[in-house]
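J.: As a plain string of letters, each chain reads:
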Amino acid sequence: MRQVVAGAFVLLLGVTVHAQSGVKLELVDVVDDRISAGMMRGSLQLQANLTGTGLDRINAARLIVKEAKDDRGNDLLADREPPDFSARNVNAGILSVSLKQPPRSSRSVSVKGTIEMFVPARDPSTTLKVPNALGKLDAPINHKGLKAAKMSITPLSPAQYAKVKESQKITEADLEKIRAEGKAQGVDQKEIEMAIEFAQLMSEMDGPLPENAIILSGKEKDFDRIQSLEFLGSDGEPINITSRSSSTRGDDVLQVLQPSGEVPRNATMQLIIMTDKSKMSVPFELKNVPLP
Amino acid sequence: MKNTLVALSLILAAGAVEAQKARPIDVKVVQVNDRRTKGHFSRLTLAVELPSVKLGEVQASRVLLTKAVDDSGADLKIPSEDEPQLQTNSSLMYLEGDALKKPASISIEMNNPARDATKVAEVRGEIELFMPARDPNSVATIAKFMNQSGKALSHKALKANGVEITMVSAAQIEAEKKKGAAAKRKEAEAEGYGAEYVETMVNSFMEMFFAPQENDVVLRIKDPKKRIESITYVDAKGAVKPVMMNEEEGFTVLSTWSEKPAADWGLRVNMKTAKNLVRYPFVIADVALP
Numbered sequence: 001m002r003q004v005v006a007g008a009f010v011l012l013l014g015v016t017v018h019a020q021s022g023v024k025l026e027l028v029d030v031v032d033d034r035i036s037a038g039m040m041r042g043s044l045q046l047q048a049n050l051t052g053t054g055l056d057r058i059n060a061a062r063l064i065v066k067e068a069k070d071d072r073g074n075d076l077l078a079d080r081e082p083p084d085f086s087a088r089n090v091n092a093g094i095l096s097v098s099l100k101q102p103p104r105s106s107r108s109v110s111v112k113g114t115i116e117m118f119v120p121a122r123d124p125s126t127t128l129k130v131p132n133a134l135g136k137l138d139a140p141i142n143h144k145g146l147k148a149a150k151m152s153i154t155p156l157s158p159a160q161y162a163k164v165k166e167s168q169k170i171t172e173a174d175l176e177k178i179r180a181e182g183k184a185q186g187v188d189q190k191e192i193e194m195a196i197e198f199a200q201l202m203s204e205m206d207g208p209l210p211e212n213a214i215i216l217s218g219k220e221k222d223f224d225r226i227q228s229l230e231f232l233g234s235d236g237e238p239i240n241i242t243s244r245s246s247s248t249r250g251d252d253v254l255q256v257l258q259p260s261g262e263v264p265r266n267a268t269m270q271l272i273i274m275t276d277k278s279k280m281s282v283p284f285e286l287k288n289v290p291l292p
Numbered sequence: 001m002k003n004t005l006v007a008l009s010l011i012l013a014a015g016a017v018e019a020q021k022a023r024p025i026d027v028k029v030v031q032v033n034d035r036r037t038k039g040h041f042s043r044l045t046l047a048v049e050l051p052s053v054k055l056g057e058v059q060a061s062r063v064l065l066t067k068a069v070d071d072s073g074a075d076l077k078i079p080s081e082d083e084p085q086l087q088t089n090s091s092l093m094y095l096e097g098d099a100l101k102k103p104a105s106i107s108i109e110m111n112n113p114a115r116d117a118t119k120v121a122e123v124r125g126e127i128e129l130f131m132p133a134r135d136p137n138s139v140a141t142i143a144k145f146m147n148q149s150g151k152a153l154s155h156k157a158l159k160a161n162g163v164e165i166t167m168v169s170a171a172q173i174e175a176e177k178k179k180g181a182a183a184k185r186k187e188a189e190a191e192g193y194g195a196e197y198v199e200t201m202v203n204s205f206m207e208m209f210f211a212p213q214e215n216d217v218v219l220r221i222k223d224p225k226k227r228i229e230s231i232t233y234v235d236a237k238g239a240v241k242p243v244m245m246n247e248e249e250g251f252t253v254l255s256t257w258s259e260k261p262a263a264d265w266g267l268r269v270n271m272k273t274a275k276n277l278v279r280y281p282f283v284i285a286d287v288a289l290p
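Heads up: the sequence lines are chains A and B, in that order.
At position 165 of the first sequence (counting the first as 1) the number is 165 in the working numbering, and the numbers step up by one without a gap.
At position 254 of the second sequence (counting the first as 1) the number is 254 in the working numbering, and the numbers step up by one without a gap.
Treat the hints loosely; a few may be bogus.
[Claimed, not checked] List time: in silico DSS-like cross-link candidates among lysine-lysine, alpha-carbon distance up to 30 Å:
1. A:287 x B:38
2. A:69 x B:119
3. A:100 x B:38
4. B:101 x A:190
5. B:67 x A:69
6. B:102 x A:190
7. A:112 x B:38
8. A:100 x B:28
9. B:54 x B:77
10. A:277 x A:147
11. A:221 x A:66
12. A:183 x B:28
13. B:119 x A:100
14. B:144 x B:159
15. A:183 x B:101
Everything labelled a hint here was simulated from the structure, so no lab data went into it.
With the hints as extra help, turn the sequences into a complete structure.
T.: Encoded structure:
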């Protein structure tokens, strides 16, 4: 019995991978969520964490899967966009890999890919300080650092925010487009209507703007690069932001920040953004991961 | 031995409402979710519909399994020393109109089957449904209850079920606190503690005594037959507002997440009776695993 236990332990250790950088990927859990019917689809999720040296320099990371197969040779590579970078201080730093569901008869899966890491220390231009960021509302912030990073952010007035929200209301034409796309993808009519109902419900959930709200607008590709966004008080310390909400419509993003007090219009906005130079990637491989 | 069993069953019957036994009920499995993990929330869930029962009729339900096996022979019953509690039908909070006429649905939770298993071979047991509309004497709605602070609530359904509810005022809580402090002082003095120590004990008791939050409603409830299933608020338009019930120093405290009950709200007490608590035997067989 002891030998069997030892064997299983060695098998589990086998999925710990040493990457060239000294960063290792350690499997935390495997969730095989098998669903027979309904709106939710089943998925196989591998959850892993980074271990090793130099982790304190890594601000965020993600796993990009290049190959995923079960022990029967079934391709499990999911046809989906790469995941967003996940901040190291969120969810205990756990990174997830979502794969297609293997058959029930499969026993294990093997995955190859890369760990992409955001290491701000590799590029000083990742930190941008934008003085007087709220000085001119409803116009893109004019700052050489943002221009150099090819990013554009516009602080909005409450009146302009209301106009944008009004223009983003779901119309009958939008619903028809969703129905047509769903139908083209072979989605069940009942599920399409439920998705529409959900979208309408979500669009009606916007409450009034919080007091002293800071509203920022821009393109999704720009906001996706922002790893941290703070406003600095006169003491140079970040002002406490009690809540942040973000809504996306097409490529457009609206972000509403609720500070604990009024933020002066001449406050400095501090951004940590992802640049090519600040990213590094190392390969990983998880071999023969037993399925639960 | 037989006498002992009879006596035991009489004691149990006195402490809880005996559900009405009904004929076997048809169930339709609409979804199977086999969530397999070594981490949290690893379980098999069968979502089933009850075609002969309307969703709007069922306020709470529970499933009592007697057998659950997969085709590899693995026992799927979750071992537990306690019977499961009735689970509130939360969809009643937001569904209305025709949606309430759809079939009632429940979830049956079990341990994961073996990975080798291909189907759930058999699930057998009883589904207990709490359907207040089946007994008019099981629901007491007291209109504009907020203006009855300090008074006993009166309703024929409360009386029929032997339930006594008193709205406790802030002054009554304060009086209870003082009474408790006096008892604490007497007890400490009788044990021979010095004056300074007695004072510290009494002050500590006063500070620790339960203090309701601004939106809380405090009740004194006597329910010797354990009839109360749930208590909710009902607003002026008839919409049900869920409340949390906690026991504090012998009081029952009703809390909401945000709202304070308005002056025109009602207090609804749902009670279990032999007429509205029904147990249906059921059997599910040969359900393919995803």
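J.: Against this structure, judge whether each hint is valid.
T.: Now the hints, each set against the structure:
no., hint, result
1, A:287 x B:38, "holds (18 Å)"
2, A:69 x B:119, "holds (25 Å)"
3, A:100 x B:38, "holds (19 Å)"
4, B:101 x A:190, "holds (18 Å)"
5, B:67 x A:69, "violated (37 Å)"
6, B:102 x A:190, "holds (15 Å)"
7, A:112 x B:38, "holds (22 Å)"
8, A:100 x B:28, "holds (28 Å)"
9, B:54 x B:77, "holds (27 Å)"
10, A:277 x A:147, "holds (17 Å)"
11, A:221 x A:66, "holds (23 Å)"
12, A:183 x B:28, "holds (28 Å)"
13, B:119 x A:100, "holds (21 Å)"
14, B:144 x B:159, "holds (19 Å)"
15, A:183 x B:101, "holds (28 Å)"
The structure does not agree with numbered hint 5 stated previously, though it agrees with all others.
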